[in-house]
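Every number in the working numbering is 146 more than the matching position in the sequence shown, counting from 1.
It should be emphasised that the hints constitute simulated quantities derived from the structure, not laboratory data. Incorrect hints may appear among the rest.
[To be verified] Pair ranges (Cβ atoms, derived): (1) R296 - T401: 19 to 25 Å; (2) K225 - L308: 26 to 32 Å; (3) A278 - Q383: 36 to 42 Å; (4) S382 - P404: 29 to 35 Å; (5) I262 - I317: 54 to 60 Å; (6) L294 - T401: 17 to 23 Å.
[Said to hold, decoys possible] Distance condition first, Cα-Cα at most 30 Å in a straight line; then the derived DSS-like pairs of lysine-lysine: (7) K440 - K293; (8) K208 - K225; (9) K293 - K360; (10) K440 - K332; (11) K293 - K229; (12) K436 - K332; (13) K360 - K440; (14) K225 - K293; (15) K360 - K225; (16) K360 - K436; (17) K208 - K229; (18) K293 - K436; (19) K293 - K332.
Beta carbons are placed, not taken as given, at the ideal position from N, Cα and C, and that holds for glycine.
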Amino acid sequence: MFKSLQQIKESFIQGGGRVHRDAVMVIGINLLLSGLICAVVLFRGQYHANNDTFSLVMDYAKVILVLAVYCFIAFIPLKPQIKRWIIIGVFLTQFSMLVNLLDAHYYFSLITLSRIEDSSYIIGSILVLFGASRWVTYTYRISTLDKLTRVHNRRFFESMLLQYLHRLQRIPEQSCMLSLDMDDFKLINDQYGHVTGDEVLRTIGNILTECARKSDIICRSGGEEFEILLIGATVSQTQDIAQRILTELVQQTPTPLPTLSASIGVTDIRHDDTIDSLRTRVDNAMYQAKELGKGQIILA
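Could you put together the complete structure from these sequences and hints?
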């Protein structure tokens, strides 16, 4: 727990120490409202016969716990849009708890009060659920995608490849792997700058997404190197996709760069393959393609 809090603190400091102003405003309103209602109940409450001190303490504990959630969310480095939905949803959820506190420990018999309590809880829960779903989606995206090219990162690709190799031992099928390395990419960075190099990498990411099938898993494995796992694809289909990639690289070369090309290695996946053996074989094919000249496809 303390380690997690320390990590949140470090992330908060590294992010510039910014707390979204909506979160601060809602926390301030929460403190005023919670303090007022809790004080009224504590000093002026006329408790129902079936309510004892323990139930009052527990009701207070729930209010304080949700307030702690506010502070926790306010200090998490999170996109403001997502934080706004969650913080307002939690506020409405706690507001329903405050209304329930008044209803349970102070003499109120208004039907409107119960309706306010139920409505606040339902709306707040919906907002928290909506914000949390966006939070999970956003977290998934940043943890599995390469920020520059918008294809998958190496860590996600390796986990998916490992799962597939395990499945292949139980359910044999024909699949392939493709490894691609841009030709003379260092010259582009040196002559045209890293901004242009980044543009080229984004172009490659788009081309791979266009040429591959929806079921294929595309990865930027590092620098100007990319890999594709083609599940259920034959060697012939994989070679056709590789050729389309080379053709699109020529056609979509950004102006005024020299014509883009890549060296591509292709191999089928075998039932006794490991990640290392598969990568070694396809990388060797890719390096052989590079030695034979630009824009080559070699089958291993």
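Against the structure, the hints:
Distance hint check for R296 and T401: the Cβ-Cβ separation is about 22 Å, which falls inside the suggested range of 19 to 25 Å. With their beta carbons about 31 Å apart, K225 and L308 fall inside the hinted range of 26 to 32 Å. Restraint check, A278 to Q383: a C-beta distance of roughly 40 Å satisfies the suggested window 36 to 42 Å. For the pair S382 and P404, the supplied restraint of 29 to 35 Å holds, since their beta-carbon distance comes to about 31 Å.
Range check, I262 to I317: about 56 Å between beta-carbon atoms, so the 54 to 60 Å window is met. Checking the proposed 17 to 23 Å range against L294 and T401 shows it holds: the Cβ atoms sit about 20 Å from each other. Restraint check for K440 and K293: the C-alpha separation of about 27 Å stays at or below 30 Å, so the hint holds. With a C-alpha separation of about 27 Å, the suggested pairing of K208 with K225 holds against the 30 Å cut-off.
Between K293 and K360, the direct Cα distance comes to roughly 20 Å. Compliance with the 30 Å bound is thereby established for this hinted pair. Among the hinted pairs, K440 with K332 is consistent with the structure: their alpha-carbon atoms are about 14 Å apart, no more than 30 Å. As the CA atoms of K293 and K229 are separated by approximately 21 Å, the hinted pair is consistent with the 30 Å bound. The straight-line distance between the Cα atoms of K436 and K332 is roughly 14 Å, inside the 30 Å bound, and the hint therefore holds.
Distance hint between K360 and K440 is fulfilled; the C-alpha atoms sit about 28 Å from each other, no more than 30 Å. Restraint check for K225 and K293: the C-alpha separation of about 16 Å stays at or below 30 Å, so the hint holds. Distance check on the hinted pair: K360 and K225 sit about 29 Å apart at the alpha-carbon level, within 30 Å; holds. Restraint check for K360 and K436: satisfied, since their Cα atoms lie roughly 28 Å apart, inside the 30 Å limit.
The straight-line distance between the Cα atoms of K208 and K229 is roughly 21 Å, inside the 30 Å bound, and the hint therefore holds. Under the criterion of a C-alpha separation no larger than 30 Å, the hint pairing K293 with K436 is consistent with the structure, at around 27 Å. For the hint linking K293 to K332, the alpha-carbon distance of about 20 Å falls within 30 Å, and the restraint holds.
Of the numbered hints stated above, none is contradicted by the structure.
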